[in-house]
Amino acid sequence: MAAEPMFAEERQNQILQLLRRQKKLLVSELCDTFGVSPATIRNDLNDLERQGLLRRTHGGAIAGTKINFEPTSVEKDVANREQKMAIGQAAAELVEEGDTIAVDTGTTTYYLAQALSGKSRLTVVTPDLVIARTLEDYAGVSVILAGGQVRKGFSCTVGAITNGVLQSLAVDKVFLATNSVSAAGELCTPDIEQAEVKKNLRRMGNQVILLCDSSKFGTQSFAKFGELQDLDMVITDRRADPETLQRLRAMEIAVEAV
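Read in order, the letters of the sequence shown are residues 3 to 260 in our numbering.
These are calculated hints, taken from the structure and not from any lab test. Take the hints with a grain of salt, since some may be wrong.
[Stated by the list, open to error] With a straight-line cut-off of 16 angstroms between C-alpha atoms, the simulated EDC-like cross-links for lysine to aspartate or glutamate are: (1) K121 with E99; (2) K226 with E188; (3) K226 with E198; (4) K121 with D101; (5) K154 with D139; (6) K201 with E188; (7) K226 with E195; (8) K154 with E195; (9) K154 with D193; (10) K26 with E51; (11) K121 with D139; (12) K25 with E51; (13) K121 with E95; (14) K201 with E229; (15) K226 with D193; (16) K121 with E98; (17) K201 with E245.
[Claimed, not checked] Restraint ranges, calculated between C-beta atoms of paired labels, are given here: (18) G149 with S30: 53 to 63 angstroms; (19) L96 with L28: 44 to 54 angstroms; (20) Q19 with P40: 14 to 24 angstroms.
Even for Gly, the Cβ is constructed at its ideal location relative to N, Cα and C.
With these hints in hand, go ahead and build the complete structure from the sequences.
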């Protein structure tokens, strides 16, 4: 019986698992392993290299970024900026007058915050220092900063105090960010404390919306904070794999690709 074909994200996740064990892979070996063409494998390796997860070599790839590595906020902002801005703008269009929302820390959610300047009678809960400072200048927006221990290099708060604030509140909509969406549908981030904050953010809302550029799909990080089935909607960019979008819709998750 022929093997069931894999989604690109599933294959790429398995490539990363192989690379963590072997440190070096050849295109020819991967073709044999997955039963696909060299062009397909080269596309997979190029996608993974763009995400900083491996380094391409002549005829293959070697291990790149470690699974628990996380770029700083400044480094994140450089990657896929145009797509993140479009996603943030699309998310802002979902925010209605009188809403109470929670906004996760992240560069994509920062662009959401920037797009809220014209909103009125809006309350925003966030653990992100930069987002809170941005929203402070907007006349129609009231800001609740979930204070706690500042995570250096990431301009956000974590820890027991932050989680206590989030656990005590409920909101209409939660806008989450993620470092990765694994092939198994797990939402993950490299930092355990950050994952706990994201869990509590996710539990706050009547509607949970993930802001996620296409580079995050099919990747793996260290600490899980949720699963795709926890989401009501995903906003991503047009470069997302059509199979991924189809899979989300099959799970009755609303999808917007901008």
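Verification of the supplied hints:
For the proposed pair K121 and E99, the alpha carbon gap of about 6 angstroms is at most 16 angstroms, so the pair holds. For a cut-off of 16 angstroms, the pair hint linking K226 to E188 stands: about 6 angstroms separates their Cα positions. Between K226 and E198 the alpha-carbon distance is near 9 angstroms, which keeps this suggested pair within the 16 angstroms criterion. Restraint check for K121 and D101: satisfied, since their Cα atoms lie roughly 10 angstroms apart, inside the 16 angstroms limit.
Pair hint K154 plus D139 does not hold up; C-alpha atoms about 24 angstroms apart against a cutoff of 16 angstroms. Restraint check for K201 and E188: the C-alpha separation of about 12 angstroms stays at or below 16 angstroms, so the hint holds. The suggested pairing of K226 with E195 holds, with an alpha-carbon distance near 11 angstroms, which does not exceed 16 angstroms. With a C-alpha separation of about 13 angstroms, the suggested pairing of K154 with E195 holds against the 16 angstroms cut-off.
Annotation: proposed proximity of K154 to D193 holds, straight-line Cα distance about 12 angstroms (limit 16 angstroms). Annotation: proposed proximity of K26 to E51 holds, straight-line Cα distance about 14 angstroms (limit 16 angstroms). For the given pair, K121 sits about 12 angstroms from D139 by alpha-carbon distance, which is consistent with the 16 angstroms threshold. Pair hint K25 plus E51 holds up; C-alpha atoms about 14 angstroms apart against a cutoff of 16 angstroms.
Annotation: proposed proximity of K121 to E95 holds, straight-line Cα distance about 10 angstroms (limit 16 angstroms). Pair hint K201 plus E229 holds up; C-alpha atoms about 10 angstroms apart against a cutoff of 16 angstroms. The suggested pairing of K226 with D193 holds, with an alpha-carbon distance near 9 angstroms, which does not exceed 16 angstroms. Distance restraint check for K121 and E98: the Cα-Cα separation of roughly 8 angstroms lies within the 16 angstroms cut-off, and the hinted pair is therefore satisfied.
Note on K201 and E245: the hinted pairing is violated, with a Cα-Cα distance of about 27 angstroms set against a maximum of 16 angstroms. Between G149 and S30 the CB atoms are about 54 angstroms apart, so this pair conforms to the stated range of 53 to 63 angstroms. Separated by about 46 angstroms at the C-beta atoms, L96 and L28 satisfy the suggested range of 44 to 54 angstroms. Distance hint check: the CB atoms of Q19 and P40 are about 20 angstroms apart, consistent with the given range 14 to 24 angstroms.
Of the numbered hints given earlier, the model fails hints 5, 17; all others are met.
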